[in-house]
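> Chains as they are written, first to last, in this note's numbering: chain X, 1 to 301; chain E, 1001 to 1152.
Hint data in this document are derived by calculation from the structure and do not stem from the laboratory.
Far from chain E, by Cβ distances over 10 Å, these chain X residues were calculated:
no., residue
1, L21
2, L54
3, T71
4, F174
5, H206
6, E267
Calculated pairs, DSS-like style, for lysine-lysine (alpha carbon to alpha carbon, straight line, at most 25 Å):
no., chain 1, residue 1, chain 2, residue 2
7, E, K1113, X, K85
8, X, K85, E, K1102
9, E, K1113, X, K226
10, X, K193, X, K159
11, E, K1142, E, K1102
12, E, K1101, X, K198
13, X, K193, E, K1142
14, E, K1147, X, K193
15, E, K1067, E, K1102
16, E, K1142, X, K159
17, X, K4, E, K1136
18, X, K237, X, K226
19, E, K1102, X, K4
20, X, K198, E, K1102
If you're wondering where the values come from, they're calculated on a predicted model, not measured in any experiment. Cβ atoms here follow ideal geometry from the backbone N, Cα and C, with glycine treated the same way.
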Amino acid sequence: MDNKSLVSIDDYTKEEILEVLARAAEFEKNPNCNLLEGKVIASLFFEPSTRTRLSFETAISRMGGRIVGFTDSSSSSVTKGETLKDTTKMVSNYCDLIVMRHPIEGSARYASEVSDVPVINAGDGANQHPTQTMLDLYSIMKTQGTLENLNIFMVGDLKYGRTVHSLLMALSHFNPTFHFIAPPELEIPRGYKIFMDKNDIKYFEHTEFDDIINDADILYMTRVQKERFVDPLEYEKVKNVYILKNNMLANTKDNLKILHPLPRVNEIAVDVDTNPKAYYFQQALNGVYARQAIIAKALNL
Amino acid sequence: MNAKKELQVSAIQNGTVIDHIPAEYLFQVITILGLDKCGNSVTFGNNLESKLLGRKAIIKISEKFFKDEEINKISLIAPHAKLNIIRDYKVAEKKIVETPKKVVGIARCMNPKCITNVEAVTTRFHVINTSPITLKCHYCEKITDLKNIRIV
Ligand SMILES: [Zn+2]
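Chain E on its own, in the form it takes in the complex (with noise of 0.2 Å):
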């Protein structure tokens, strides 16, 4: 195989290509931003070698632009994920997605017995630490490590 040919089958002339992405959450950032439910072509690759994360996981999406918030959803379990605006084939611009100091309505207090489980009320966290990620939530003060992140 040679590097066209590879290119030909990946490429993408308008869209988004996410690079950077945990091999274990592949399926989740494709749920979280609603990939799997959407019209556009949508191609991935996983477990590909990367230095920063051992095993990563690419996603190209053809004709989607996100915007911040969207992507905003998917810094709690990616939070080295990269993206590349492309146009015309060209990488056009290419964004870092940073993990908030405060997250709101992303993601899921872990405690059952919180408020925001029985209630409908906005959930809140204070990121206490970035990596792993570890939230604290607003109301019941109970920690949300990375195994148990649920996103809305």
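Okay, chain X solo, but in the shape it has when bound (with noise of 0.2 Å):
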């Protein structure tokens, strides 16, 4: 066992969130380094994501590290029945460090304990996805010189998000003020206003997206995805309600950075696209810092 592993959010204290957003910012001024020399890392993706996985792979390359692993289960030993416990403990014996990915809820966390070495949690399914956190908090802190006291927008699916939930978790550390913007169906669960309520956050929900934004230090968009609703009539209801178009920005705040975890469908109009607010593709490429800064992190380097 190992409390180096990186499962959820909540694995970080405030300070070493802080720690971990100064390392990215040493990583974005100098990405090529040794650290990683000698090292190999596993990369485990039990379901492909591109993405995530090319991230990771570039952080881990910027630093000298080598990269065994697979990119979706179906070329593993894992179709042919090996259980997760035994992939990861045999893995285990081989690097340095564990990047996984897998569909099933709750797998990192078990990894971890099975594991001698640490893991980063590279998405559980609909759980959690920290390295995510990360790299939206790396790119808040970037554009606006710090994490507190921000008015925190969240707009589109706030009940299945992952990303928003883990977000509004660890910015909770940063006397933040969010506002909600969603449909009915899906506003953001109880469970998390109750904790909102518990530490004194101040929290607004809407489920109209007007110009309400124009107090916003962050508009932190996501995708409404058709299946999540049970009336497909509610959906066509909601669909257009949520786009952000760029006549909407008019009057918005000057330090206002639009970010959206991608891939985004039509959520974001292209026009929005060369906005200077727009930073969903500096925030990507942002990723790739932040997780540098996770892994130096994770192996004590």
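Two chains, two frames, some hints: make the complex.
Structural data, given as structure tokens:
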């Protein structure tokens, strides 16, 4: 067992979050180094996620590490019925660190308990994706100069969106004011409202996506997926309401930045892309630096 | 019916009396403790009046003394249960069931996509509320509430 694993964003204290973000800034200045020289990192993707995998592999390559692993479990012994426990134990004999993506929830926590080396969770089902949260935080820190006292607007699927939930938990250390904009079917789950009430975190809920965003420092967009609606007519009603268009940004704050975990489908109109407030592509690049910092911390480098 | 006769029907010489079981969970408690399969003489009463619970159930098991971990299993659904250990028709010892802070290997996670329901993993929960009992899975972090608790 190893407490250097990163399974949930809650595994990091406020101090550790800030430490990793400061380290990410160093990696951004000097991305290429030999910190991982002689180290072997296992990249176990039990389900495909090209974006996350490439981001991790870029981070590892820039640090001089070597990568072993598989990109989806159909090409591994898992299809022969090997358990996650056995795969993890075997691989943890070979390498210094495991990066794992798995469709089953709780798989990363379990792997971190049976592994002899640290495990970094690259997404376990609908549960956690802490490295995404760290790159979101890094993007916010970089564009706002701070994480403290910000007006954070979250838009779209707030019920199932795990990136939204993890970001909410992580930002709760920094005295945020949240505005949640979602259709009633996809509103933020009650558990998170209880958490915010208990911790004196200010939040407001809206169903209309309109000029209230003029107060926003960060506008965090997510996809509203058709399959989340029991009634397809309900989806037809909301599908165009939660699309961000360039003209909606006319009176927003100068420091506003628009984030999106990507891939985007149609929730951000293409005409927003050229607006200097659009930040989602740089956000993805920030993921490499954030992951470099997370890997360095996991290995105590 | 006089008091003496009532006592004769229900008294046991040696064994355990479990009192203050919520009426709706009587049969679950019987199942959890394996009383439906045990050879001892078991008597129970249900829908008895209770100031604490409204309606309660009592179970009396002859010649049976439970280990703490066996009894802990019922704490999830009968947190107010009280045990009287009977020896020679007298209450020799009283025990109360306490809800543990952590629940290990007792309950199942209600999330079908949880690793504990896919692979042979001992379930672990953090008790985030005791009344009503609310469990947070150590692995998938989903909440299992009283309505959905299933015992291993
Ligand atoms: Zn679970």
